[in-house]
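Protein sequences appear in the order of chains A and B. Position one of the first sequence corresponds to residue 1 (this note's numbering), numbered consecutively onward. Position one of the second sequence corresponds to residue 1 (this note's numbering), numbered consecutively onward.
Source of the hints: derived by calculation from the structure; they are not laboratory data. Among the hints, a few may not be true.
Once the Cα atoms are required to be at most 20 Å apart in a straight line, the calculated SDA-like pairs of lysine to any residue come out as [what the hints assert, rightly or not]:
id, chain 1, residue 1, chain 2, residue 2
1, A, K57, B, Q73
2, B, K33, A, T21
3, B, K33, A, R22
4, A, K33, B, K11
Pairwise CB distance ranges, derived in the manner of DEER restraints [stated by the list, open to error]:
id, chain 1, residue 1, chain 2, residue 2, range
5, B, R37, A, V117, 18 to 28 Å
6, B, D3, A, V71, 47 to 57 Å
7, A, I158, B, R12, 26 to 36 Å
8, B, L51, A, I177, 24 to 34 Å
9, B, Y31, A, A51, 40 to 50 Å
Facing chain B, a subset of chain A residues (Cβ under 10 Å, in silico) [stated by the list, open to error]:
id, residue
10, R28
11, N32
12, L120
13, L129
14, P130
15, R133
16, I144
17, I159
18, F167
19, F200
For every residue, glycine included, the Cβ atom is placed at its ideal position computed from N, Cα and C.
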Amino acid sequence: MGKQLAASGIAFGQHMVGIITRPYETYRRIVNKGSLWEMAYIGMCLALYFATAAMVKTSLFRPFLLTRQFVLLGTAATATFLLTVILFWQVGRLCGAEGKLQGFMLGWAYSLVPTLVWFLMTSLLYVALPPPRTTSAPGVIFSIVYLLISATLFFWKIILAFLSLRFGLRLEIGKIIGVSAIVLPILGLYSFGMYRLGIFRIPFI
Amino acid sequence: MTDALYNKFVKRWEEVTDLPPQTVGPLTPFYKKAVIRLKVMPWPLLVVGSLLLVVCLYLLIGSAVTLLVSILQRGF
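Just chain A, with the same shape it has in the complex:
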């Protein structure tokens, strides 16, 4: 187990560099040869973020409140991940998808990296430069830079999600659009529920 975890750690590092520099080639490798152990490292990164977010979101530094917020965020993110994977997998199968669930699940887990980076950046900026932004020159410049980074991360997320569906479910572009057209509205409704519950205002997908 120790050896597997160490080997997965090295693979995780390589794949992290790969999804930044060579996403296409790396995703093919992740889906075909990746190990589910790598999800442990992704989970650790997410846990670090949830701990940070719990501290930022909780005004009172009480261990109970911090733990509750941490557990709430972790559970909600896990449920969202599982729901997304199951929905894409089931709808994909109906549309003639092949591939292995393990590969798709791992591919989708790596596609959480841009989401994680955005949420981490936003929560840290919330502390450093709390909203609201003003319409002064520095406020507008900050807003433009923030939107620029957000849009870049969003496009990166789209690429990684596309590659998860392309390699994980072995779908072609037309079917990927079709499957997304069915799954995304359902996820939209789910995200609205999350918003109403006050867990994630922006969906952690």
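Start from chain A and add chain B according to the hints.
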């Protein structure tokens, strides 16, 4: 040595041809041209695309972008 190289090539070839190439009808050449830039180091294209989007947004809603950012900053 040659055998090892050949085997490596065959393995790589099988990996690359595992999925049939993506086609999008008459748009296939344009699709290929766009995608080739996204396969390796996609960041310059992503930043340029984002820059265009943000500039359009700024031209469209002006300093109201600060309102959008204030909402997004509370969104985590």
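Here's how the hints hold up against the structure:
1. Taken as a hint, the K57 (chain A) and Q73 (chain B) pair is honoured in the structure, with Cα atoms around 12 Å apart against an allowance of 20 Å.
2. At most 20 Å may separate the alpha-carbon atoms for a hinted pair to count; K33 (chain B) and T21 (chain A) meet this at roughly 18 Å.
3. In summary, the hint linking K33 (chain B) to R22 (chain A) is supported, as the alpha carbons are separated by about 17 Å, within the 20 Å threshold.
4. Of the supplied pair hints, the one linking K33 (chain A) and K11 (chain B) holds, its CA atoms being roughly 13 Å apart against a limit of 20 Å.
5. Judged by the Cβ atoms, the range 18 to 28 Å given for R37 (chain B) and V117 (chain A) holds: they are separated by roughly 22 Å.
6. Checking the proposed 47 to 57 Å range against D3 (chain B) and V71 (chain A) shows it holds: the Cβ atoms sit about 56 Å from each other.
7. Here the CB-CB span from I158 (chain A) to R12 (chain B) is close to 28 Å, well matched to the stated 26 to 36 Å.
8. Separated by about 26 Å at the C-beta atoms, L51 (chain B) and I177 (chain A) satisfy the suggested range of 24 to 34 Å.
9. Checked against the given bound of 40 to 50 Å, the beta carbons of Y31 (chain B) and A51 (chain A), roughly 42 Å apart, stay inside it.
10. For R28 (chain A), the interface hint holds, since its Cβ comes within 10 Å of a Cβ in chain B; the closest pair sits about 7 Å apart.
11. With a cut of 10 Å, the hint placing N32 (chain A) at the interface with chain B holds, because the nearest CB-to-CB distance is about 7 Å.
12. Below 10 Å, beta-carbon pairs count as interface contacts, and L120 (chain A) has one with chain B at about 8 Å; its hint therefore holds.
13. About 8 Å separates the beta-carbon of L129 (chain A) from the nearest beta-carbon of chain B, less than 10 Å, and the hint is met.
14. The beta carbon of P130 (chain A) comes within 8 Å of a beta carbon in chain B, closer than 10 Å, and the hint placing it at the interface holds.
15. Hint status for R133 (chain A) relative to chain B: holds, with the closest Cβ pair at about 4 Å, below 10 Å.
16. Residue-level restraint check for I144 (chain A) holds (minimum Cβ-Cβ distance to chain B is 6 Å; threshold 10 Å).
17. Hint status for I159 (chain A): holds, given a least beta-carbon distance of 6 Å to chain B, under 10 Å.
18. For F167 (chain A), the shortest C-beta to C-beta distance to chain B is roughly 7 Å, which falls under 10 Å, so the interface hint holds.
19. At its closest, the beta carbon of F200 (chain A) sits 8 Å from a beta carbon of chain B; the interface hint therefore holds under the 10 Å criterion.
Checked against the numbered hints above, the structure breaks none of them.
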